[in-house]
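K.L.:
Quick note, the sequences are listed as chains A and B, same order.
Residue 14 is where the first sequence starts when you use my numbering, and the numbers rise one by one after that.
Residue 14 is where the second sequence starts when you use my numbering, and the numbers rise one by one after that.
Everything labelled a hint here was simulated from the structure, so no lab data went into it.
Fair warning: there could be bad hints in the mix.
A pair counts as met if it fits within one copy or between any two copies, since identical chains are not told apart.
Said to hold, decoys possible - Calculated pairs, PhoX-like style, for lysine-lysine (alpha carbon to alpha carbon, straight line, at most 25 Å):
1) K41 to K85
2) K26 to K103
3) K85 to K103
4) K155 to K85
5) K155 to K41
6) K237 to K26
7) K237 to K103
8) K103 to K34
Number of protein chains: 2
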Amino acid sequence: MEKQTLGEIAAQKLLGMIQDKGYTAGDKLPTEAELVERLGVGRNTVREALRILMSRNIVTIRQGSGTFISDKNGVADDPLGFSMIEDRRKLTEDLIQIRVMLEPPIAALAAQNATAEDVRVLGDILLELESCMERHEDYAEKDSQFHAHIAGCSHNLVMTNLVPVITDGVRVFAGSVRETEYDKTRESHRRIYEAIRDRRPVDAQQAMYFHLMFNDNRYRDEMK
Amino acid sequence: MEKQTLGEIAAQKLLGMIQDKGYTAGDKLPTEAELVERLGVGRNTVREALRILMSRNIVTIRQGSGTFISDKNGVADDPLGFSMIEDRRKLTEDLIQIRVMLEPPIAALAAQNATAEDVRVLGDILLELESCMERHEDYAEKDSQFHAHIAGCSHNLVMTNLVPVITDGVRVFAGSVRETEYDKTRESHRRIYEAIRDRRPVDAQQAMYFHLMFNDNRYRDEMK
């Protein structure tokens, strides 16, 4: 067992405090001086604890205005260690394989569980994505947002954190595949959205499956 | 955009160096003095860089013997931010929901892709798991190892890193469910193993599905 430093112990305490108070993204933490008092440790230990929670994306420090709860929900940067996988092509293929396993049932869950407000936001993202495509601009980021929001619509908290890690991974590592199939992609996104909006889980699942398979084929073609 | 500190820039450089040299788990890194020279930065910056890579579980520092590549493959502690999810019961249910989506197709992939050596190791883990059960000991850790190794047998690098995060999460948060159904659990593990060993992906998938559903039912019964 590795020994915990004072900073790590204080970080654990501070995390407990954050949970007890029910702080959420954007909330401001007490000042360093207040934390010294509440945690009963020195200023350097408080700083070390804040540094640890910052590296875990639990808090974020804005110079001059204080410490806030991060909007990254404690999901680490590169949480699954992609940077340690040397074979980028294999990594991309493995990420696509996971998307094909995960995202179709997620889309079904989204069609089952999305609230009216969820559907409204998903529709807005789709419109922005489509207008990006109409202007023939790079739509990769809007596309990630679309898939991340579908994960959110599932109301599975872990999926909401996990899906962006996988889709962003594909975006980063399959960067070579140009987003040029505007019409086909547009159509398949719209099919997914409409199935979720109309509460048709089976159709949503199959539409997502078709969409991912189509992208996978494009990736394979480009790699040839 | 947040500004990168000198330590973060040096950490990035050091990570690049680790990748270029093809270092793997357990390999020793150059000394602090050598890193000062190679990275062209001061000693404090090297220390900060090492601290960052340590917090990401890329390296581990063993007091007195030096810095080594961590065997955690750069998978962060609590990578998906479970500690920020307040509702523990919902978290457990969501984790189980993900297992039910992910692990059956993973078992199928394992039956398709496992090497003879993979199968041999899986058989050894199963025997240890069974002897734990025969002695009516807590077999939770061996069980995690069994599921993690099946993920490894899939040869999908991301799954290998992801599955333990999910299964360990269930183990931690569903801690209240006692592992007492020795016979049933024993039988369902054996069915999974034999299907993987005999290269029957469809049977492996269904056996895993049965196993997880059985556990899910036990969890729901205990929560009533």
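K.L.:
Taking the hints in turn, state whether each one holds.
P.N.:
Consistency of the hints with the structure:
1. For the identical chains of this complex, K41 and K85 are intra-copy neighbours only, at 15 Å inside a copy versus 33 Å across copies, given an alpha-carbon limit of 25 Å.
2. In the homo-oligomer, the alpha carbons of K26 and K103 lie at most 25 Å apart only across protomers (23 Å), although the nearest pairing inside one protomer, at 40 Å, exceeds that limit.
3. For the identical chains of this complex, K85 and K103 are inter-copy neighbours only, at 20 Å across copies versus 27 Å inside a copy, given an alpha-carbon limit of 25 Å.
4. Taking the shortest alpha-carbon separations for K155 and K85, only the intra-copy value of 18 Å comes in at or below 25 Å, while the best inter-copy value is 33 Å.
5. For a Cα distance limit of 25 Å, the shortest separation of K155 from K41 qualifies neither inside one copy, at 29 Å, nor across copies, at 42 Å.
6. In this homomeric assembly, K237 and K26 never come within 25 Å of each other (Cα to Cα): the closest approach is 53 Å inside a single copy and 32 Å across copies.
7. Taking CA atoms no more than 25 Å apart as the test, K237 paired with K103 passes inside one copy only; the shortest distance there is 14 Å, against 44 Å between copies.
8. Taking the closest pair of Cα atoms, K103 and K34 come within 25 Å of each other only across two copies (19 Å); inside a single copy the shortest separation is 43 Å, beyond that limit.
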